[in-house]
Each structure stands twice: as structure tokens, then as C-alpha cells.
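Visitor: Spelled out, the chains give:
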Amino acid sequence: MPSEPQRHDTTNFKLRLTNVSKRYGHSDALVNANLVVSKGECVTLLGPSGSGKTTLLNVVAGLLPPDEGEVWIEDRLATHLPAYERDIGMMFQNYALFPHLTVYDNVAFPLRMRRERGARLRERVGAALAVVSLADKAHRMPSELSGGQQQRISLARALVYEPSIILMDEPLAALDKKLREQLQLEIRRIQKRLGITMLYVTHDQQEALLLSDRICLMNNARIEQVGSPDDLYFRPRSVFAADFIGDSNIFPAEVVTMSAGQACLRGPGGSTLQAATDLALKSGDKVQVMIRPERLRIGTPGQATELDDNCVPATLLETTFLGEATRYYASGPTGETFVSKALAGASSGVAPGEPVLLTADRDSIIVLSPDRDGR
Amino acid sequence: MSAARARSQGLLRLWPLLPALLLLGIFMVYPVADLLSLSFTDQAGRISIQNLALFMQRPVYARVLQSSFLISAYTTVICLVLAYPVSYYLASSAERVRSNLLLVVVMPFWTGFLVRTCAWLILLAPSGPLTQVGVWLGFQNVKLAYNLTGVLIGMSQALLPLAVLNMLPVMLGIDRNLLPAAAIMGARPAEGFWRVYFPLSLPGVAASGLLVFISALGFFITPTILGGPQETMIAQLIIVQIQELLNWRFAGVLSLVLLISALVVYYAYDRILGMSTLVGERAQPGRSRLSRLFDSSLARLGAGALGLIGRAASGMGLVLARLTPAPLRRPGRALQTTLVALILAFLMLPTLFVIPVSFTQSTFLDFPPRGLTLRWYEEFIHSQAWMSATIRSLYVAAIVAVTSMLLGGATAFTLARESFYGKKLLLALVLSPLILPRMVIAVALFYLAARLHFAGTDLALVIGHTIIAFPFVVVTVMVGFQGYNRQYDRAAAILGAKPSRTLLHVTLPLMRSSLAAAAIFAFMTSFDDLNIALFLTGGEQNTLPKQMWSAIILQATPILGVASTVLLILISAFLLASEVVRRQGVIRRRRAGAAA
Ligand SMILES: Nc1ncnc2c1ncn2[C@@H]1O[C@H](COP(=O)(O)OP(=O)(O)OP(=O)(O)O)[C@@H](O)[C@H]1O
Ligand SMILES: [Mg+2]
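Residue numbers (the working numbering), protein chains in the order written: chain A, 1 to 375; chain B, 1001 to 1596.
No lab work stands behind these hints: they were computed from the structure. Take the hints with a grain of salt, since some may be wrong.
Unchecked claim - Here are the simulated lysine to any residue pairs, SDA-like style, with alpha carbons at most 25 Å apart:
| hint | chain 1 | residue 1 | chain 2 | residue 2 |
| --- | --- | --- | --- | --- |
| 1 | A | Lys137 | B | Asn1177 |
| 2 | A | Lys39 | A | Leu63 |
| 3 | A | Lys14 | B | Pro1180 |
| 4 | A | Lys14 | A | Asp105 |
| 5 | A | Lys192 | A | Gln93 |
| 6 | A | Lys137 | A | Asn94 |
Quantities reported herein were computed from a predicted structural model and do not represent experimental measurements.
Next up, chain B with everything else stripped away, as it sits in the complex (with noise of 0.2 Å):
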């Protein structure tokens, strides 16, 4: 057998991974390339660095990039503060608390931010209850909405989830012992926890505090509906140029700068973790990567300055210990539940405010309803915009399953399989579109639709849905192999079974728990998307997030809380069947452990 001939062979076993290039090289990766491409070009195509000039020249997108900067740079800020406890609790939970005190965490996450900045439009307004409380505790001119502090409160609520997720796995890591050997050698507990165990959650506060950053940037719905005009942000300016004005080459400015922002803070985010907890693997400090970090490597970019923070901490332990106000030097558990609890449910309670008001019989989101009517729930169902907009979303969010069942099993499959040359950079790729803001994908596919004339058909609302959705299959599909012991397959092989009987037989229903999860999740992203809806939708065409969008924009009246209420029923009967898949999972995980 020839040497070609064998590495033709070696090909043939990638070829699942196939469709999947396609799709994102098609439909991502070119479109994109050439709505950036469009920024350096000028009206007659010749290349021009006008569009660049113009948008250092004008003064009010300077405005606007600062407003960015800053409005994400203080929800980071709130985040960290608000996940720090919650992440520290969880970590020093029983396992079995952990598990359910995360799905309070991650099920507002899955809510959809439309929905919640719906709640908050209803709470904070300036008739709203809170604004109400405010004024009935003495304060003068209480201002919740329209400005700075609402964009902040809903922001800060939106990306908390993610804040906690990612120090999470951080602190789970950091060795238990560490704070009791502490304490034995003599450290009262809030000297222990600034020379010992803050140093060493810092990675997964950078970590957090990055991606709810890059996140922020690309946020347009929060400062829409909670905003004035001061806290127009650059994903705004986008939407405006391209649905008012039209102007493509200014788009791929904006884009440009956001794309620009998001890949200098990913870069800094593989410095510190490695890009691989993506995939699930556990961000272990102490060893690899966080003990590189603080010797050899400390003199590089970030990780410089995070060893520094952690050294001075850690060099600072008396002085920091000193400052700690004196109750929580050594918060006993009570103390520490109470200040959870009232973090959570600042996360899980005002999502609720929707369900009251889609009773109202006022003709606006007001709280507390007056009187009880079922009237708002009639005309969402009687109404052909509502229910058709409902309808579209549930069934391309059933094909958008599918197909990134299809294309992300195949894809992490074969690269959880198979060791390649470049597979790196191929997963770097798949995982792009997590990584890219939502924001340019949905605009640079709009381009490409707009122009080959099939912007507003559902066939663009599958193709950007998968785009977005199959690299989260890919992620949990390549977690699931993790626990999955490839000794069954070749257990399988040896007792004669074929490669795709193994896949059929023994394979697939040993990661079934992970599949049914990914299927979930794809699901969920496709549901819940405003990004690629926003542009790729149009006229009667809606989906449910779209059309609530447009009724936020246009005129918010209580059936707003009836599709409210809507999503959320939905959104929380797919999650929590997930959640009864996975731990299912778990346990005849650990039942073929067991029997292995």
C-alpha cells in the first residue's frame, strides 16, 4: 500500500467534519471577510480608507465607543462583585446543593435577556414598583429607566450568570485543604482568604470578568429599552446604519471595531485559562497553566499583571484583612446564605414580574395589574402576527435542532475520535461562532442574503440559527466524551462489531444523556435568538423575539407579558428537562463505572 494511498485513507475518516466547513465557510467566514472587507473599500469599490477616517473624525461615535467602553467596563465591575459570593458559596457547597443552586444561575441565563429586560422595563419604569419604593423611602428624584442606572441593572442582571459560570470551575479547583492548612498555620480567616485563596480565584475572575466584558459590547437590547441617548452603544449604531441608513461600509466599520475588541479579549482570555475549559476541560490552578502564570510567564501581557494583583494580595494579607469590615472577617454560613440568597433572587425574581402584569386590564406594562383579565391572552392567541411569530420560532427551532444534532454529532465525533494535523485550528474554527460577536455574524449573513435575495425566508433563519447553534452541540458532545469510556468501543471492535454498528449500538446510546442535552441547547439558542432575527426576518416573517422586539419598539401593551410568560414556560420546561436528562446521565454514567 502506497504512502498516498494511505493518507487519502487518513482523509476519508474526516469527511464528516465536511458539512459543517462548508456551512461556516459559506455562510460565516466569507460573508463576514467581506463585510470587513467593505470597510476599507469606498462607494466605487476602489480601496479607501475613507469610511475609517470618517468614523475617527465624527465626534459622536467617539461618544458612542466610550459609552461602550464604559458601560460594559461598570457592568463587568458589578458582575465579578455580585458572582464572587455566589461562585465561593457554590464551590464550598455539597455537591447536591452546587447542582441546584446552579440551575437557579443558569436558568435566567437561558430566559433570554429580551424577557428579562422586559421585567425590568415593568419594575424600574417611572411609575414601576421599585421606582415607587424610592420614592416611599424618601428619596427625590428617583430615576430608574432611561438612563445609566437602569442600562446597568439590566446589563449587571443579564451577564451575571455567565460571570458565575466562568469563575465556577476556578474556585472548584482550588484544593480544599488550602484554607484549613491556612488556619492551622496560624491565619485568622480573612487573612487566609487574601493571601491564600483570592490569589488563586483570580484567574477565574479574569476569566469572567473578559467574557462578561466582550458580551456587554455586543449588547444592543438592554440600553434600547433601558437607555436614553447617552447610552447608545456601538451594536445599536449598527442596527441603525443598516436598517435606516442603509450604509453597508459604515456597518463593517462598526463591526470591525467589535470584532477587533472581541478577539483581543479572547486572546487574553486563552492566555490566562486556555481556550480548552471550553470543551470542558477543568481549569486546573496550581498546575499547568496558573503555575506558569506566576513564575516564568509573569512578565507576559495579562498574566503579568494578574500575578501581580495576586502577589500583592497575597503580600497584603494583613492590610487587606484589616480593611475587611469587621462582620464579614469571618462571615459564619448564615451570614453568607442571606447575601446569596439576595443575589439570586435579584437573578431568578424580577423575571417573574412579567406573568402579573399579562393579567392586566390597563392597556400598559404596569405593576400592580389592575384588576384580572384573561383579554391580553385572547388576543395572542386570536392574533395572526403573535401566534404565526410563535409558531415560526417553535418549529425552526425544531429543524435548528436537528440540523446541529447532525452537524455538530459528526464534527465532535470526528475530532474527539481522530488526531489530525491542524485539529486545533479546526475546533478554533468551529468554535468561532461563539467566540465572534453575534452581532457581525448576523450582519455579514444579512449581506450575503440581502444580495443573493433570500434575507426574510426561513431558510436564512435555519442557516444563521445552526451557525450559531451547532458549536454549542460540538461543545457539550465533546464534555460528554469525556465521561464516556472509549474502552466500550473497543470492547465492541474485539467482539466483531463494525464501525457503524458500534456507533449505533454501543456509542450512541451510552452518550445518549449528551446528545439529548446538546439537542436541548441547540433548541434553546435558536428560540431565544434576537441577533440573526433582527436582520434576517422581516414583514409577516417573525419569530417570537423578533415580534416582541418590534411590539417593545412600537407599543409596549400587556400582551408584551403574555409572550413574556410565553417564553419563559417554555424556556423553563426545556431547561429543567435537560437538567432530568443530564442527571439521569449521571447516574448510569456512574452505574457502567460501577459494572466496569
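Only chain A is shown next, with the shape it has when bound in the complex (with noise of 0.2 Å):
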């Protein structure tokens, strides 16, 4: 069962964001940014392509000086310290192995860096390619390594001074997905165990959900919800979050009622929605209302009756079979699609074109928020 949000400690951060802003020319690439991230966090930046995530990566590490907002790392200000100057490891994208220099020199770069030499110097390196498992390619070039060990040199080098926030952008995009999925657990691995703070941009949910502690879910360049992987799956609070993560059934609803946190809705068909949220909402709002297909019960009529609560009537349309389970689409009141899923075995027993009656459990409803644009 998912565990409840955790409040999130906003004392012993280690890295905070607030109300960061980046133009380009006119059009804005990360508008009124606030993240929080604490000691040994990892954060993944999760959005679509152009939504900010590069943006907002670059100016944590001072590669990009933000329009407006500040930047903090631990308790020292930094929105306009130099790169050099942050303590911070980054993995790019393509790696950025630098191609003229040995795995071996790779590695000992950010340590010459900080005039690290002799014996600590190379002990540090041994140590941080032995983590990676790759301290038998030390003197080879980066050339000569696959996608994969590259990736390995990159995470070493990143690793090997020890700093205190590791930036990681899509690092594993290129990758097949055995070496991908590979990858993520070793990652995951070497972050809990060294306790390192990470910000993880992907645009792939699977790796998103995996690897963090908490989702940060941006779109066209602003966050759109901070959460743990579960908050962002069970309680999205837009319909952009809610449509990005899994799949979902969104519809329309109206609001009747609201009182202490229940919102009584009128959904598809006049059909009545009993659901608890916290948004502020009166009578005749209009909401857009999701409901998770695993979470969405397909039955026949005789089961319920149409004036319980957290019914809507539909026509079964189709039933694919997909193994593990069985997903049904069915027809509703007003002509939209509601998707079902269900463990394999439990046979409705219903024949496509037949009546059936979809039902879920009051805190499987989630009511969203407008989106800014409207929708």
C-alpha cells in the first residue's frame, strides 16, 4: 500500500530553488521555480521535451545565470557563484568524456583539480572506479569503452570528489533498456549507500518513478507538482500530471456540494461522485475529475443500482486480454471512453455491446485542478 506523503523538512535543505526564472528572448524557459531538496534526496526533474528541465538543471549547477530568483546551497547563497566554485558533480547527457585523456585521467580530473596528487590521488581514482566496476579500463581511452562503460567513467568521475549535489541529465537516454534498467538500480544503489544528493532529469516515468524519492513534474517551463512517486501517481493535482503518469480516465464534472474537504459531483450522465479533496472549490465549479483504470470497477447492472453514488452507466466496447490482466473499454453516458483494468481471472462475464456499471471507491476520485490553460 503506498505510504502517506511525508511533510517535507524545509530546515536541513540542501539545495533550494526559490522563485527562479529564465528567458529566452520572449519566450520563457523556467518561469517562478521553487524546489527544495534535502541531505541525500534524489529528486528527478520529469517533464516533456522543452519543459524547462536542462534549464533549471544548468542553473543549479551555474552553468546558466538565472533572470531573477536565488539559488541556495546549504546556507550559502549561490545564484551567481561561479560553476567552479559549487562543490558539484554533473553527468551530461552524452557523457562529455574528455576524449584527448584516459579513463584513468578522466577520473582524476575534478581531484587535480582541487590539487589532490600522489598516492591520495590515486587511491581516490582506484576507489572510484572500483564503485563503477571498471577499474581494469583505467588506462584505456574513453573511445575505446562501449555506451555503457562510458556512462560507468562518467559516473565515476562525478562521484570521485565527492560532492555534495550530483546533477544528472538524462543520463541514460541513450542506452538499450537492459543496460538502462542495469544502470538505474546502480545508481540508485551508490546513491543511498554514499548518502549523495541527486537531481535526476528524464523524460522517461518508469526511470522516474524507480529512482526517486520525490518527482518533480515540470511542464512548459514551470513545476507543475512536487511529490513522492506515489502522490504524483494517486493524488496528481492537474490534469497535465494526471495524464503524463500512467494511465487515466479524465471527465468532466460539475460541482453540487462542498463541505469539510468532500466535494459531492455531477459526473457523466447525472450520475452523482462523492470525492475528498482539498481544493477550493463552491457549487457550479467546474472540474475535471480522474480516476486510475486499476482503480475503476466494471460490473454488470444488477450489481448496483444506478442511484447509488460512484456509479456511471456504460456500453462495454471492447475486452483485450493482457496477460496479468484483462483491460476493458467501455462507453460512457455522454459517448466518452472509461478504461478498466483488472487482475486476469475475474471474468465479468459481460459480452461487448451489453450495459455495465462502472464503480470506484470514493478516495479512488481525484479531483483536479484547472489547468492554467484552461483545459
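Assembling the complex is the task here: the two chains are given apart, and the hints tell you how they should meet.
Guide: Below is the structure:
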């Protein structure tokens, strides 16, 4: 069962962005971004292409001065600190290994910048290479390594000087699925073991769900929602968030009454829906409602009556068998398509074209705030 | 079907290569070989090394050789130092800015050495404005022309574009994330530069250096006009041997020296970057060549030295960073822009001085012009010699554009589409006129033409110019092919088009912009040439550059300013036209790509 979202500790933070904005000409790359990352936490930046993920990362790294806002690293105001004084590690999407230096010299680079030398240097480089199990490749050139190995060298190079924060910009995007999964686990393990604070950019939601303590969902140069993977999946706050992560049924509804965090809504075909919400709504408001397919049950009309709450009458369109689960497509009273997913075995015994009744628990019905762009 | 027949059909496919091979074989390879073999025979035609021995013994030749190499070496160093910041700036600029600035770099390259040297003559002359400025600033004994200073100023300005054009691809190939990566790991800008960027840019520096050096070695215009007797170079010596002493054997020896130097340098170039960069494959440091260069082949000849310099720079990053003057350690974009603007001004502005000079009332090339008159323009228009030279230049260039397009187009299409045994060698032969010193090609062709009694005819000029122009067409069209998707051809074939129709209705229209650019290239190569024209024109049969050359040698009047202005305007117009065509091609290709 999903755990309750933890209150985020904002006093003991490692990294804090307040109202950070960045514009390129007339187009926004980042608008009013606020984000707090605590020590040892891994936060992924998830969002579609062009949503500002790299921009945010570059602001943190000191490669891009923000137009407005502040960047704090622990208790130090770092907004205009040059990159080389931030003590940050970064893994680039294309690795950015120095092609003219050996693996060893690549990993030694940040230590040399810190005037480390002699036995101590060799020892630390050796240890970092051991962490990514590539100690035997120390004297190769980067071009002689496979993509996955280069990737790991890049990780070793970001780890070796124990920077307090590590930034990763889609480090695994170029790898095949198998290698990607293996490295995801490896990164997660190392991050946990060394207690590294990490900001990780990806647009792969599986990766985000797997790696992160919290996900920072971005859309259109803005931070849409920040929360645990669980939060984002089960308690999305906007249509965008609900739509972006996982499958979802999203349909319009109107608020009938609202009291003490309980909303009574009029849904498709005049059905009545009861849902818990902390949005400030009043009767007459038009909202969007989301139900995850696995939380939407499909039954024959006899099992419940249409007068009950949280029931929508529909017609079964199609059934697809997925192996461990079955997916049902049904057409609602006003023609919208609903998807329901149930574990295989519990056959509903309904044939396409027959009437069905869709039901959901009160806490599976999520009321979404309207998007800024009015959807 | 027999194997023999299949093979002969295979060879038949290659027939479009034949005309180019014949042209090169008869009018370049054979005469050059003939000329060089002269150096090994005596008056009676017996094999002898007496010419070579003579060359070794006479101190005057050793001196010329030494000053040639020294001047070339100085020029190379100056060019590299000036080209590096410009290339760096271009490589780190946005695409649009880059292509505009690149035009500024390329423009003077095509304006021709002759016009630019004329401009320097005006600026650097003892009574010229730059000398005056020097005196005014309080320097004693300012002497900017007819000495080493003048030659170096003229030559480095002439060759700077070449240096930039060869450094830029390597710098563009350097991953843009490397410097930020170094900064994040704690490298201050200067240290990051020396440890990372500089070593990676070295192959480009080396390539530029080699090409500038070898081009400088073949120079005769600048040292003749801006130098004194101390600055005599090999190519000038060759001209003297032929035009004044009629000593073919000795010209052969000198050509041999020039040729061997060129081949050695190109061999090194190929080792470092690969000749394939000439036909548009972007240099890829960090991948194939460079990585090999820095490890397994480290011990190899030139590469070894380069690797060592790179490693040394990388290892001494801190020291070098400390040695870097404070304002340059973290040069702001404004400082960089100023520096680059100054260098580009050095490239662009001097040439423009030929324009005001053409309006002067005095009878000398002096600046500022005294009074304004159109007298020299009238004289130019009414002068039989100048007008016929201008007209000849134009129509010869037009014919050369056509012949080069036919030869070069057929060659490039065949080379790009067919694969066969010995293709690399053939490509090397086709591109060799770009590599051989033009002076050698010109002298050899003259040697042949003189014996066959067609020297001094337009035919000889067209043949000579086609030899040096059509390789540019081959290169341009082959580069165009890389942006061209062979899929269109196959699609046309599947739809039932015969090969000839595919070529006419599909391939050619899609390649239109490359072809137009190639034609303009060929035209300008001919229009601008002085090497071939110097020997193969004579009497009243001059081209415009040859006529200008004679005028400079005899008596430099403001009519030279007029001729320079005419040349400048014509060439700029052609260049801008080619740029417009090229950009349209890029747009069209993008559209085609988007549609596909
Ligand atoms: N140098 C630049 N000049 C102009 N606009 C830029 C520049 N860099 C980014 N942008 C714009 O800023 C916005 C955010 O870009 P950013 O690179 O942060 O996106 P991203 O989320 O990292 O996308 P992706 O997943 O594709 O990497 C985009 O609209 C992009 O077009
Ligand atoms: Mg990005």
C-alpha cells in the first residue's frame, strides 16, 4: 500500500531554489521555480521535451545565470557563484568525457583541480573506478569503451570528489533498455549508500518512479507538482500530471455541494460522485475528475443500482486480455471512453455491446484543479 | 552472362571519368613529370645531376630557399595566432552569426591576392597612411614596405582565411559540453581551456599550419610587390628562370623542391586529419582519427609531436593558466568580440582602400586621394589593353565554368555513386591540382604548350584554368551529395524512371544549389588566377590579373585602383550570389527532409 506523503523538511535542506525564472528572448524557459531538496535525497525532474528541465539543472550547476530568483546551496547564496566554486558533480547526457585523456585521467581530473596528488590521488581514483567496477579499464581511452562503460566512467568522475550534489541530465537516454535498467539500479544503490543528494533529469516516467524519493513534474517552463512517486500517481493535482504519469480516465464534472473536504459532484450522465479533495471549490464549479483504470471496477448493472453514488452506466466496447490483467473499454453516457483494468481471472462475463456499470471508491476519485491554460 | 562481360559492363559505368582523366593525364601529369625529369638531365639530354649540384652549391639559392622557408614559417605563426581566436569565436557562436561571419572571412579569400596586395602597397608605401601614422606616433625610421615587415603583413592577411577555414571544423567538432563539464569539476576558465579545449583543437591548428605554410611557400605576388631583394622566394626564382633566363632545367629543379615540400606537408596533413575532410567529411576529434592519434599512434611521426604538445598543455594546465594574462583568463564576450572584430577588420578593411585611390587626380597610387576625378575610369574604358583583358577574363572564366561543370560534375556523380577498386587513388588524382603548387602546374603546362606552339592562346588558358578549377567542382558536388538523400533516386527508379531521366528530373534539380555554387567557384578560380595566366598569356592576350601584374611591375598608376575596384565588385557580386544560392539550398533541403 502506498505510504502517506511525508511532510517535507524545509529547514535541513541541501539545495533550495526560490522563484527562479529564465527567459530566452520572448520565450520562457523557466518561470517561478520553487524547489527544496534535502540532504541525501534523490529528486527527478520529469517532463516533456522543452519543459525546462535542462534549464533548471544548468541554473543549479552555475552554467546559466537565472534572470530572477535565488539559488541556495545549504546556507550559502549561490545564485551568482561560478560553476567551479559550487562543488557540484554533473553527468551530461552525452557523458562529456574528455576524449584526449585516459579513463584514469578523466576520473582524476576533478581531483587534480582540487590539487590532490600522489598516492592519495591514485587511491581515490582507484576507489571510484572500483565503485563502477571498471578498475581494469583505467588506461583505456574513452573511445575504446562501450556506451554503458563510458556512462559508468562518467558516473565515477562525478562521484570521485564526493561533491555534495550530483546533477544528471538524462544520463541513460542513449542506452538500450536492458543496460538502462541495470544502471538505474546501480545509480540508485550508489546514491543511497553514499548518501548523495541528487537531481536527475529524465522524461521516462518509469525511470522517475524507480529512482526518486520525490518527483518534480515540469510542464511548459513551470513546476507542475512536486511529490513522492506515490503522490504523483495517486494524487495528481492537475490534468497534466494525471495525464502524464500512467493511464487515466479523465472526464468533466460539476460541483454540486462542497463541505469539509468532501465534494459532491455531478458526473457523466447525471451520475453522482462523492470525492475527498482539498481544493477550494464552490458549487457550480466545473472541474475535471480522474480515476486510474485499476481503480475503476466494471460490473453488471444488477450488482448495484444506478441510484447509488459513484456509479456510471456504460456500454462495454471491447475487452483486451493482457496476460496478468484484462483491460475493458466502455463507452459512457455521453460517449466518452472509460478504461478499466482488472486482474485476470475475475471474468466479468459481459460481452461487447451489453450494458455495464462502472464503479469506484470514494478515495479513488481525484478532483483535479483546472490547468492554467483552461483545459 | 560471363564474368568478363559483367566486368566490362562495370567499367562502362565509369566512362564519365574518362574526360577528366585524359585532361589531367595529358596536360598535368605528363608535363609535370616531363618538367621534373628535366632536372635530372644535362644540356645534351643525358642523365645527370649537374643541375641539382648547381642548386646545392650556389649560396644564392640556399639563401632564397632559407628565406622562403623562414617567411613561410613566420607567416604561419602569425596566421595561427590570429586565426585561433577568430575560429574559437565562430565555433562558439550561434549558427546564424557564424554563417554571416564566415562570409566575412571567406570574402577576402576570393578577392584575390593581387587586389589585396595592391591595397597593402597603398597603405604601407613610404608615403602611405600607415607609415604616416607610425611617424605621427613618434616612431623613428618607420619602414613598412619593401622589407620583411611588408611581406609578412601582406602574406598573413592573404592566408588568414585559409587558417580559419581549416581550424573551424575541428573546433566545431569539439563537444560543447566539455568546457562546462570541466568548470563543474572545478576548473577555472583558463585552466579548463588549456587542459581540455586547447589539446582538442590542436589537430585543427596543425592542419591550418601545414596548409598555410605550403601555400606561403608558393607565393610570389606579395614578396615581389611588398618585399625587397632579401625577401625573394622560390616561386619568384622560377619565374626569373623561365621568363628571363629561359633555363628550363633549373626551373625543373626549383619546381621539384617546391613539389617535394608540398607533398611532405600534405602527407603530414593526411596523417593528422585525413584528406577526407577536403570532401566535406567533418573532422571528428575524439572519435576515429584523434583518438588513434593520442594513443596507439602516439609514437608516430607528426602525430607524436602533436600528442605530446596536447599532453603537455593538459598536464601543465595550471602553469599555463597562471601565465595567461589576467584579462584573458576569463575573457568576457565583449572582449572576445572586440578582439575578433579587430582581426576581421585587418582582413576586410585594407582592401577597400583601392576604391578611393581609383578617383585620385594624381598619377600615383596614393592615399588620401588628391581631388576627385573619373579620369582613370575613362582611361580604363578607353584602353584597348585593359578592356580586352577584362573581357578576356570574363569569357575565359565563363568557358572554364562550363567545362569544369561538365568534367567535375561527371566525375563527382560517378565517384559518389559507384564504388570500384582504386577509387581512393582516383580521387587523390582528381584532387591533386588542389595539392600541387599552382606554380608547378603552370610552368609544366607552359613547357608543354611552348613546344606544341599553343602557348599564349585562349585554349591554353582554358585548359590550365579548368585543371585548377574543376577539382573545386568535384569537392563541392561531392559535399552536396552528402546532404542529398539517395533514397529519392531509388524512389524514382521504383516509380519506373530510367537512370537518365532520374538524373535529369530528380537528381539534378535536388542538387541545384550545390551545382550553382560549384559553377561560381569554378568561375572565380579562373577569374582570379595569376599563376597560369602569368605564363600562358602573352603580348596583347592578357587577362585582367595578368594586366594588373604587368602594370604593377612597370608603373603603378591609379588605373590599378580602377582595375582592383572592378575586380573587387565583380568578385563580391559572384560570392554573394553563391551565398544566396547556398542558403536557399539549405532551406530547400530542410523542406525536403521535413517532407520525407
Ligand atoms: N540557448 C537557448 N536559446 C533559446 N531558447 C532556449 C535555449 N535553451 C533552451 N531554450 C528553450 O527553453 C525551453 C526549455 O528548454 P530545456 O532545454 O530546459 O528543455 P528540457 O526540458 O531540457 O527539454 P528536453 O527534454 O528536450 O531536453 C525550450 O522551449 C527551449 O526551446
Ligand atoms: Mg534537456
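Visitor: Run the distance test for Lys137(A) versus Asn1177(B): straight-line Cα separation, threshold 25 Å.
Guide: The hint holds at about 23 Å.
Visitor: Would you mind confirming whether the straight-line C-alpha gap from Lys14(A) to Asp105(A) stays at or under 25 Å?
Guide: Violated: Lys14(A) and Asp105(A) sit about 30 Å apart, past 25 Å.
Visitor: Given the proposed pairing of Lys137(A) with Asn94(A), does the C-alpha separation stay at or below 25 Å?
Guide: Holds, because 19 Å separates the two Cα atoms, which is no more than 25 Å.
Visitor: Has the given pair, Lys192(A) with Gln93(A), been kept, meaning a C-alpha gap of at most 25 Å?
Guide: holds (22 Å)
Visitor: Between Lys39(A) and Leu63(A), is the straight-line Cα distance small enough, at 25 Å or below?
Guide: holds (22 Å)
Visitor: Does Pro1180(B) sit within 25 Å of Lys14(A), going by the straight-line distance between their CA atoms?
Guide: Holds, at about 22 Å.
When each numbered hint is compared with the structure, a violation occurs for hint 4 only.
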